[in-house]
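Chains as they are written, first to last, in the working numbering: chain A, 203 to 643; chain B, 203 to 643.
Just so you know, these hints were derived from the structure itself, not from any lab.
It cannot be assumed that every hint is accurate.
Since the list gives no way to pick out one identical chain from another, each pair is judged satisfied if it fits inside one copy or across any two copies.
As the list claims (entries may be wrong) - For lysine-lysine, the following BS3-like pairs were computed, each having C-alpha atoms within a straight-line distance of at most 27 angstroms:
hint	residue 1	residue 2
1	Lys597	Lys435
2	Lys532	Lys212
3	Lys212	Lys597
4	Lys209	Lys355
5	Lys355	Lys212
6	Lys377	Lys355
7	Lys607	Lys355
8	Lys377	Lys427
9	Lys574	Lys611
Note that this is a predicted model, so its numbers are computed, not measured.
2 protein chains.
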Amino acid sequence: MNSETVKSLKVGICGFGTVGGGSYNLLQNNGDEITRRLGCTLEVSRIASRSLKASDINTTASISADPFDVVNDPDIDIVIETLGGFDPAFEVVRQALANGKHVVTANKALIAERGNELFQVAEQNAVSLAYESSVAGGIPIIKALREGLAANKIDWLAGIINGTGNFILTEMAEKQRQFDDVLVEAQELGYAEADPTFDVEGIDAAHKLTIMASIAFGIPLQFSKTYTEGISKITPEDISFAMQLGYRVKHLGIARCSDSGVEMRVHPTLIPETQLLARVDGVGNAVLVHGNAVGSTLYNGPGAGADATASAVIADVIDIARQTLVDSQKPLVPVLGYLSVHDDLGVMDIEDIESEYYLRIPANDVVGVMAKISSILQDFDISIEAVIQKELHSKTVPIVILTHKAVEKKLNAAIAEIEALDDVSGSVMRIRVEAFDNESY
Amino acid sequence: MNSETVKSLKVGICGFGTVGGGSYNLLQNNGDEITRRLGCTLEVSRIASRSLKASDINTTASISADPFDVVNDPDIDIVIETLGGFDPAFEVVRQALANGKHVVTANKALIAERGNELFQVAEQNAVSLAYESSVAGGIPIIKALREGLAANKIDWLAGIINGTGNFILTEMAEKQRQFDDVLVEAQELGYAEADPTFDVEGIDAAHKLTIMASIAFGIPLQFSKTYTEGISKITPEDISFAMQLGYRVKHLGIARCSDSGVEMRVHPTLIPETQLLARVDGVGNAVLVHGNAVGSTLYNGPGAGADATASAVIADVIDIARQTLVDSQKPLVPVLGYLSVHDDLGVMDIEDIESEYYLRIPANDVVGVMAKISSILQDFDISIEAVIQKELHSKTVPIVILTHKAVEKKLNAAIAEIEALDDVSGSVMRIRVEAFDNESY
Numbered sequence: 203m204n205s206e207t208v209k210s211l212k213v214g215i216c217g218f219g220t221v222g223g224g225s226y227n228l229l230q231n232n233g234d235e236i237t238r239r240l241g242c243t244l245e246v247s248r249i250a251s252r253s254l255k256a257s258d259i260n261t262t263a264s265i266s267a268d269p270f271d272v273v274n275d276p277d278i279d280i281v282i283e284t285l286g287g288f289d290p291a292f293e294v295v296r297q298a299l300a301n302g303k304h305v306v307t308a309n310k311a312l313i314a315e316r317g318n319e320l321f322q323v324a325e326q327n328a329v330s331l332a333y334e335s336s337v338a339g340g341i342p343i344i345k346a347l348r349e350g351l352a353a354n355k356i357d358w359l360a361g362i363i364n365g366t367g368n369f370i371l372t373e374m375a376e377k378q379r380q381f382d383d384v385l386v387e388a389q390e391l392g393y394a395e396a397d398p399t400f401d402v403e404g405i406d407a408a409h410k411l412t413i414m415a416s417i418a419f420g421i422p423l424q425f426s427k428t429y430t431e432g433i434s435k436i437t438p439e440d441i442s443f444a445m446q447l448g449y450r451v452k453h454l455g456i457a458r459c460s461d462s463g464v465e466m467r468v469h470p471t472l473i474p475e476t477q478l479l480a481r482v483d484g485v486g487n488a489v490l491v492h493g494n495a496v497g498s499t500l501y502n503g504p505g506a507g508a509d510a511t512a513s514a515v516i517a518d519v520i521d522i523a524r525q526t527l528v529d530s531q532k533p534l535v536p537v538l539g540y541l542s543v544h545d546d547l548g549v550m551d552i553e554d555i556e557s558e559y560y561l562r563i564p565a566n567d568v569v570g571v572m573a574k575i576s577s578i579l580q581d582f583d584i585s586i587e588a589v590i591q592k593e594l595h596s597k598t599v600p601i602v603i604l605t606h607k608a609v610e611k612k613l614n615a616a617i618a619e620i621e622a623l624d625d626v627s628g629s630v631m632r633i634r635v636e637a638f639d640n641e642s643y
Numbered sequence: 203m204n205s206e207t208v209k210s211l212k213v214g215i216c217g218f219g220t221v222g223g224g225s226y227n228l229l230q231n232n233g234d235e236i237t238r239r240l241g242c243t244l245e246v247s248r249i250a251s252r253s254l255k256a257s258d259i260n261t262t263a264s265i266s267a268d269p270f271d272v273v274n275d276p277d278i279d280i281v282i283e284t285l286g287g288f289d290p291a292f293e294v295v296r297q298a299l300a301n302g303k304h305v306v307t308a309n310k311a312l313i314a315e316r317g318n319e320l321f322q323v324a325e326q327n328a329v330s331l332a333y334e335s336s337v338a339g340g341i342p343i344i345k346a347l348r349e350g351l352a353a354n355k356i357d358w359l360a361g362i363i364n365g366t367g368n369f370i371l372t373e374m375a376e377k378q379r380q381f382d383d384v385l386v387e388a389q390e391l392g393y394a395e396a397d398p399t400f401d402v403e404g405i406d407a408a409h410k411l412t413i414m415a416s417i418a419f420g421i422p423l424q425f426s427k428t429y430t431e432g433i434s435k436i437t438p439e440d441i442s443f444a445m446q447l448g449y450r451v452k453h454l455g456i457a458r459c460s461d462s463g464v465e466m467r468v469h470p471t472l473i474p475e476t477q478l479l480a481r482v483d484g485v486g487n488a489v490l491v492h493g494n495a496v497g498s499t500l501y502n503g504p505g506a507g508a509d510a511t512a513s514a515v516i517a518d519v520i521d522i523a524r525q526t527l528v529d530s531q532k533p534l535v536p537v538l539g540y541l542s543v544h545d546d547l548g549v550m551d552i553e554d555i556e557s558e559y560y561l562r563i564p565a566n567d568v569v570g571v572m573a574k575i576s577s578i579l580q581d582f583d584i585s586i587e588a589v590i591q592k593e594l595h596s597k598t599v600p601i602v603i604l605t606h607k608a609v610e611k612k613l614n615a616a617i618a619e620i621e622a623l624d625d626v627s628g629s630v631m632r633i634r635v636e637a638f639d640n641e642s643y
């Protein structure tokens with residue numbers, strides 16, 4: 203390459219934590235390879251960080267505490283936002299876009315909860331707001347959905363999109379350990395935060411699912427309508443019963459678009475052990491996408507970590523740089539992948555969805571209790587696919603039932619009646635089951 | 203969307219077989235969704251086919267037997283080439299590019315063997331030549347390599363990229379059936395051609411691997427340097443021994459770039475059963491890619507079929523349309539993903555690669571034979587990782603050995619000496635083993 207023809211684009215980084223620092227390092231370490239792909243260099247000329255000193259990383263970039271110094275610098279072409287949270291991240295991103303700069307963000311909460319506003323600012327200013335790294339770390343799933351599968355109507359997608367939760371469920375399954383016990387270990391290993399709520403209660407996954415659903419179906423971001431249920435009530439016993447029935451328990455984000463509306467839900471789910479998705483263990487992430495032409499495709503890889511997330515951040519920067527280099531007047535791919543976004547597609551209430559269900563019912567070991575349960579299910583048009591009822595020679599035995607498809611509100615009503623039976627001694631455990639239309643991957 | 207603002211791009215299809223017909227149908231069936239994504243319509247205005255009549259598909263497109271009618275039509279913006287083979291496909295694509303038209307092709311042989319010439323014509327005319335559908339059917343692996351992982355130096359990739367071969371190996375493994383027997387069934391099911399050479403001897407996979415290696419490392423296409431070995435010599439016995447050792451046998455395409463040079467090879471391979479790749483069964487395809495930042499990511503889905511392949515063809519068309527709609531002067535992404543292609547990176551001879559090996563040695567059941575074999579391996583600096591030697595109370599027993607890493611030419615020399623032993627009664631079966639650096643996916 204003739205070095206005289208190499209143009210340079212100037213990058214500013216706001217926030218120098220795991221992802222910000224990782225993105226900086228990646229640009230240094232892979233700079234030659236990136237220039238070889240791109241035909242131009244990417245120079246980090248400004249960094250906003252409260253604690254970083256230039257000597258820490260031997261950089262010529264100017265460093266200031268205030269991220270607005272970065273977004274108001276007229277020389278900066280592309281801003282990387284890795285501050286996290288909303289304040290000041292929202293205003294930093296908004297201001298950068300308003301200043302005509304392209305923005306790359308890893309901030310899933312910001313996109314899921316305030317993306318609609320920011321997308322509008324990006325559109326008004328004809329700049330890109332890219333967020334590949336906000337979902338599933340290093341896996342290029344946003345690109346697959348917006349571009350690779352663009353010829354499809356996406357029917358549904360289902361993903362293991364929180365590594366912490368998947369690590370916990372994997373450990374519980376492999377070693378028959380209790381949730382609380384594994385959570386402590388995950389915290390010690392640095393996989394889980396001191397306050398693990400975001401991960402184990404599914405909020406982090408719900409952010410990611412909200413983003414994927416919008417891109418998959420071309421609908422506005424609607425985080426508040428995503429149903430969210432965590433994994434803290436799952437027991438090793440449930441995982442073991444599921445295995446006996448040929449299933450694994452995974453914490454999934456599921457989005458579906460049908461004539462009944464849009465489903466967006468995060469909850470523990472039984473999936474057939476024959477599915478590749480069921481074999482994704484540990485802190486890995488994976489997303490299974492079903493398009494009406496391609497059928498099912500699966501994307502698997504690391505969902506977190508400095509280098510893996512930086513890989514997605516810098517891929518976005520390269521996309522934007524390629525666009526700039528061909529003098530494109532505006533972003534090539536619409537921010538949600540659609541030029542025409544459906545704002546009239548209703549999101550279904552969780553009570554209205556249809557699913558198969560796993561039920562674990564704590565019943566007294568007396569004659570006739572199974573008959574009573576069957577009769578209640580039948581009253582609500584719920585048919586039984588499989589039952590596990592073991593002689594345990596103890597007073598209370600769990601009866602495990604796998605149902606065929608049923609509407610959730612009918613199932614809830616049936617559960618209420620079952621729990622009211624004299625011979626049922628506690629709450630019924632209910633886990634949704636997804637068979638994924640019997641496709642093998 | 204205001205219908206007055208909808209622009210239309212004109213598409214011509216050359217060849218109306220499985221993929222050409224599938225692409226046409228996909229544009230009809232998903233036309234509304236594609237327009238919603240794109241903001242313009244894609245109209246098929248010309249088709250080249252010898253047998254098709256307009257009434258067969260109720261189209262207003264003009265149909266002619268000669269594909270050059272399509273590529274010389276000044277109204278056509280994008281040409282889809284699904285003729286297959288080289289003649290007239292090469293000249294059709296070349297002429298289309300020379301006429302300033304963008305071309306989308308599903309023709310893996312054409313790209314792998316004559317891509318370098320065609321890429322030059324595309325570059326000279328500042329048009330796109332897109333080939334997502336040439337590798338792994340509906341899986342957007344070209345896009346992942348050229349764009350999604352663009353921030354990485356790709357270290358290696360390994361793929362199950364021939365569905366026929368994977369179907370045969372899966373059946374052999376699950377039912378302990380012989381190769382020839384399953385091949386006949388695959389032919390009856392339509393998975394294998396009457397002449398199965400292309401699939402089972404690895405030529406089809408070598409075409410795809412050649413293309414992926416060029417994109418991954420930024421090197422010219424070098425099909426003639428890709429080492430190719432088929433699966434016809436694999437026995438159910440080998441698959442069973444591999445399973446006892448914790449491995450599955452898969453027909454892989456492997457590309458690696460290291461200080462020693464570039465490896466490009468297609469051959470049966472033992473992979474650890476804990477790898478997700480080992481669980482990809484039946485006609486599915488999957489590609490595992492290792493980038494120096496992201497680590498390992500896996501892409502899985504259907505590798506063939508009219509709809510799945512059409513999904514990739516039309517994704518390419520949409521990419522080109524998006525580019526056209528923002529008035530980009532030239533293709534955004536360089537044809538191999540690199541603006542600066544390395545033509546000085548040597549491709550290694552298969553004799554110079556390092557691998558672990560599985561050896562099945564037909565030995566007479568006499569005292570001392572194992573000692574002689576061990577001694578030969580030691581002479582060539584090959585250390586043994588595991589051995590299976592069973593008392594079968596028959597004259598000849600297979601001795602199965604798993605070696606640590608060794609240079610292939612040393613292993614070949616050792617095999618020659620082992621085969622010359624009096625107590626070894628036939629050829630040694632040798633299958634390469636890949637551990638993928640012990641990563642869990």
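Hint check:
Taking the shortest alpha-carbon separations for Lys597 and Lys435, only the intra-copy value of 23 angstroms comes in at or below 27 angstroms, while the best inter-copy value is 60 angstroms. Within a single copy, Lys532 and Lys212 get their C-alpha atoms as close as 18 angstroms, and across copies as close as 23 angstroms, so both meet the 27 angstroms cut-off. Taking the shortest alpha-carbon separations for Lys212 and Lys597, neither the intra-copy value of 71 angstroms nor the inter-copy value of 74 angstroms comes in at or below 27 angstroms. Proximity of Lys209 to Lys355 under the C-alpha cut-off of 27 angstroms is restricted to the inter-copy arrangement: shortest distance 21 angstroms between copies versus 39 angstroms within a copy.
Proximity of Lys355 and Lys212 under a CA criterion of 27 angstroms is satisfied inter-copy only: 22 angstroms between copies versus 38 angstroms inside one chain copy. Within a single copy, Lys377 and Lys355 get their C-alpha atoms no closer than 41 angstroms, and across copies no closer than 37 angstroms, so neither meets the 27 angstroms cut-off. Taking identical chains as interchangeable, the C-alpha atoms of Lys607 and Lys355 lie at most 27 angstroms apart only when both belong to the same chain, with a minimum of 24 angstroms there against 47 angstroms between chains. In the homo-oligomer, the alpha carbons of Lys377 and Lys427 never lie at most 27 angstroms apart, since the shortest distance is 35 angstroms inside one protomer and 48 angstroms across protomers.
Proximity of Lys574 and Lys611 under a CA criterion of 27 angstroms is satisfied intra-copy only: 20 angstroms inside one chain copy versus 72 angstroms between copies.
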